[in-house]
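**Q** Chains as they are written, first to last, in our numbering: chain Y, 25 to 453; chain P, 25 to 453.
Any given hint could turn out to be false.
[Claimed, not checked] What the simulated footprint calls covered on chain P by chain Y, stretch by stretch (three residues with Cβ under 8 Å from a Cβ of chain Y suffice, anywhere in the stretch; the number is not a length): (1) 43-53; (2) 421-428.
[What the hints assert, rightly or not] Covered stretches of chain P (chain Y as the covering partner; in silico rule of three or more C-beta atoms under 8 Å from a C-beta of chain Y): (3) 97-109; (4) 199-211; (5) 342-356.
Quick caveat, the hints were computed from the structure, so don't treat them as lab data.
Glycine included, each C-beta is placed from N, C-alpha and C at the ideal position.
Number of protein chains: 2
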Amino acid sequence: MNRPKIVIVGGGFAGLNAAKALGRLPVDVTLIDRRNFHLFQPLLYQVASGGLSPGDIAAPLRDVLSRYKNIRVLMAEVTGFDPVRSRILLADGELDYDTLILATGAETFYFGNDGWEANAPGLKSIEDATRIRSRILSAFESAERETDPTKRRAWLRFAVVGAGPTGVELAGAIGEISRDTLRSDFRSIKPEESEILLLEGSPHVLPAFKPDLSMMAERDLINLGVRTRVGVRVTEIDDSGVTITGSDGSERIEARTVIWAAGVRASSLGQKLATALGIGVDRTGRIGVGPDLSIPGHPEIMVLGDLAHFEQDGAPLPGLCPVAMQQGWYVGKAIAARLEHHAPPPFRYTDKGIMATIGRHSAVVDVGFARFGGYLAWLAWLFLHLMYLVGFRNRLLVAMQWAMQYFTFNRGARLITGATIERDGRFDS
Amino acid sequence: MNRPKIVIVGGGFAGLNAAKALGRLPVDVTLIDRRNFHLFQPLLYQVASGGLSPGDIAAPLRDVLSRYKNIRVLMAEVTGFDPVRSRILLADGELDYDTLILATGAETFYFGNDGWEANAPGLKSIEDATRIRSRILSAFESAERETDPTKRRAWLRFAVVGAGPTGVELAGAIGEISRDTLRSDFRSIKPEESEILLLEGSPHVLPAFKPDLSMMAERDLINLGVRTRVGVRVTEIDDSGVTITGSDGSERIEARTVIWAAGVRASSLGQKLATALGIGVDRTGRIGVGPDLSIPGHPEIMVLGDLAHFEQDGAPLPGLCPVAMQQGWYVGKAIAARLEHHAPPPFRYTDKGIMATIGRHSAVVDVGFARFGGYLAWLAWLFLHLMYLVGFRNRLLVAMQWAMQYFTFNRGARLITGATIERDGRFDS
């Protein structure tokens with residue numbers, strides 16, 4: 025008797041945990057990803073701000089899964105789906121499945137203004153992170169060489185668009201870089217005079233958090249030198265700055281470094297699958313799934329993580345790491361039930377809380393029965409992120425680098441890499 | 025009274041040590057580099073083979089020099105020289121000097137076959153290293169997906185051109201990756217069946233070493249699965265392999281991964297300076313310097329490191345890291361003597377020996393009064409490289425990663441990064 029063939033597309037939190045859960049079942053699993061590593065996205069902002077190296081937050085998928093002999097890893101680009109013949113299409117071949125698990129996550133979204141990408145990179149990949157790192161560090165280099173005071177100020181002004189957790193973490197990290205890390209590195213400029221602007225459309229930073237935590241976060245950001253501008257919409261981004269529009273009209277901000285942390289949408293593979301199936305997607309490109317995470321009418325196709333629109337208690341689950349992980353684990357239970365010809369139990373997300381870090385000694389945590397900020401929240405954030413960081417080696421390395429960063433205020437991975445073509449005095453990547 | 029203005033171009037071993045030596049003298053120093061970091065080149069092959077992250081072997085120049093208040097670091101591209109007006113030309117300005125110290129090192133050289141670069145990258149920069157890392161790892165990925173046995177073997181065949189220390193280290197590292205690191209990571213291929221070819225024009229590997237050490241190195245390479253082909257010249261490199269010519273005719277080697285470790289020449293800025301001065305350069309582009317490392321007739325211009333042709337005991341000094349470091353230190357003595365209106369003492373290189381590592385437990389060391397290989401040589405190599413690695417943080421991080429790599433046979437920084445465009449089933453970078 026042939027063992028069921030399960031193909032997982034995507035090695036993020038959902039796909040990787042689904043693979044691990046299936047590693048002990050009598051099934052043949054193929055995990056496909058176009059990258060050869062799992063990326064620990066919650067710490068990507070630390071690569072973007074020079075605190076960690078890419079290798080510290082990435083684990084080779086083959087390595088993580090090598091002990092499961094029923095799992096094959098394939099580095100390949102999925103180009104489409106043929107649900108009638110139960111096949112996925114690759115750039116150079118096809119692969120058939122009995123069960124397809126799609127977990128390709130989300131990508132940066134500019135709300136239709138794709139031209140903004142060149143001047144305001146988003147933060148979803150290792151390459152995004154090293155690009156942002158190069159931009160931040162190059163801005164200080166350009167400021168050091170600039171003699172015109174107005175132009176110099178534009179190099180020392182940083183705008184982060186979007187005050188969700190990623191935007192807050194990035195703005196806080198730039199604050200620390202300018203106030204501590206680079207303090208004595210320059211001769212013509214004072215990095216601590218940098219302006220860091222955090223732009224947000226909602227009335228508060230961290231809009232997913234309760235107002236009291238948002239206020240705490242805002243106060244801590246101000247202490248790090250970050251100016252928050254809430255209730256404003258970005259209406260233009262070009263290579264010299266940002267235009268924002270609020271209740272009191274439009275305003276131009278001259279900032280040579282702009283980072284986009286405002287929006288994501290579901291990966292475009294979701295739309296391809298939906299088209300192949302003749303179904304629709306939601307406003308952000310997500311595919312609606314039933315109680316067992318399969319597409320209604322297609323029990324053989326499950327969708328997980330940021331790509332799935334799963335309704336719980338009347339609202340879709342947010343695109344959070346714990347949601348993706350729990351959905352990954354659930355796949356093991358669902359497939360095990362099916363192997364024994366039972367109906368899978370319905371998936372239910374257990375919300376253990378949300379947290380965001382702002383900087384040294386500062387974070388906010390909401391665990392439902394308690395909400396707190398400050399030092400204790402920061403320790404909780406530190407502990408949790410280390411615990412979840414995939415692979416023993418990375419955990420130890422990251423802990424060590426954090427400890428050194430903490431005691432020395434230094435950040436070791438401050439490299440400007442990539443092509444260093446000088447354009448308008450700017451070292452571009 | 026104005027303090028003398030000293031401009032150093034290049035933050036490698038020569039330039040950085042010159043800057044440090046000048047940091048305690050009553051002079052104003054500007055160190056110019058087009059990168060913002062000093063690169064510890066002797067360990068670059070470990071980044072190329074996934075053992076270390078770029079951040080581990082690079083130290084921000086501003087950070088290393090921040091304590092010297094008389095040193096300014098400038099990230100800029102030097103485009104030319106105006107020796108008559110004592111100025112160096114930048115892409116966006118000029119800078120005048122009283123003393124110019126040129127230490128821009130060497131670059132990969134294909135002996136006139138620049139077209140080979142695309143298919144056989146050299147190893148001089150961080151970007152080179154991550155590109156080679158991506159190629160090596162992608163070759164195993166492509167082999168895993170390839171069903172044609174001949175094509176698959178071509179993916180599992182690696183050719184390293186040039187058996188100097190870099191070539192030997194790279195070939196040994198690929199041997200370890202295929203025999204140990206990736207052993208249980210694949211399902212369709214056996215990485216340990218990879219062929220690694222080390223191609224060398226001289227009659228022995230490590231031609232700069234005594235024959236007994238070359239033979240030891242060759243034996244250890246064979247134990248790591250590396251086949252050495254000596255006395256052969258590479259006459260063609262294209263995207264499917266290498267053609268070599270030896271005493272018994274030409275031979276074609278089908279290898280999809282080729283790495284160039286065969287030749288370097290002096291940085292092209294040397295030629296620009298020579299042209300501006302109306303002097304010549306040697307066969308490999310180096311500028312001849314006198315006993316005090318200055319250009320004859322131009323006491324205000326010193327040339328150091330791989331860019332300098334310095335004759336000692338009837339032969340030019342080789343392009344080695346210790347030569348560059350000692351010449352950097354010497355600059356401090358020479359400038360101090362000039363400040364007191366003395367003639368500088370002549371430079372003399374103290375040869376403390378040469379060493380090369382082959383892999384786990386294996387290296388060769390020649391310290392003049394003694395020559396040895398094996399475990400002891402490997403420990404000596406390890407100790408020395410850690411001691412010289414710039415900056416306390418990097419030393420600790422590298423030591424830890426080496427220890428983990430040693431005990432687990434694993435390499436953590438196995439990332440395929442850069443653009444992952446699929447070409448002919450190959451994930452290119």
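**Q** If a hint holds in the structure, say so; if it does not, say that too.
**A** Tested hints:
1. Counting residues of the stretch 43-53 of chain P whose beta carbon lies closer than 8 Å to any beta carbon of chain Y gives 0, which falls short of the minimum of three for the stated coverage.
2. Counting residues of the stretch 421-428 of chain P whose CB lies closer than 8 Å to any CB of chain Y gives 4, which reaches the minimum of 3, so the coverage claim holds.
3. Closer than 8 Å: that is the beta-carbon criterion, and the stretch 97-109 of chain P has 5 residues meeting it against chain Y, so the requirement of 3 holds.
4. Taking a C-beta to C-beta cut-off of 8 Å, the stretch 199-211 of chain P contributes 5 residues in contact with chain Y, enough for the three needed, and the coverage statement holds.
5. Counting residues of the stretch 342-356 of chain P whose CB lies closer than 8 Å to any CB of chain Y gives 0, which falls below the minimum of 3, so the coverage claim is violated.
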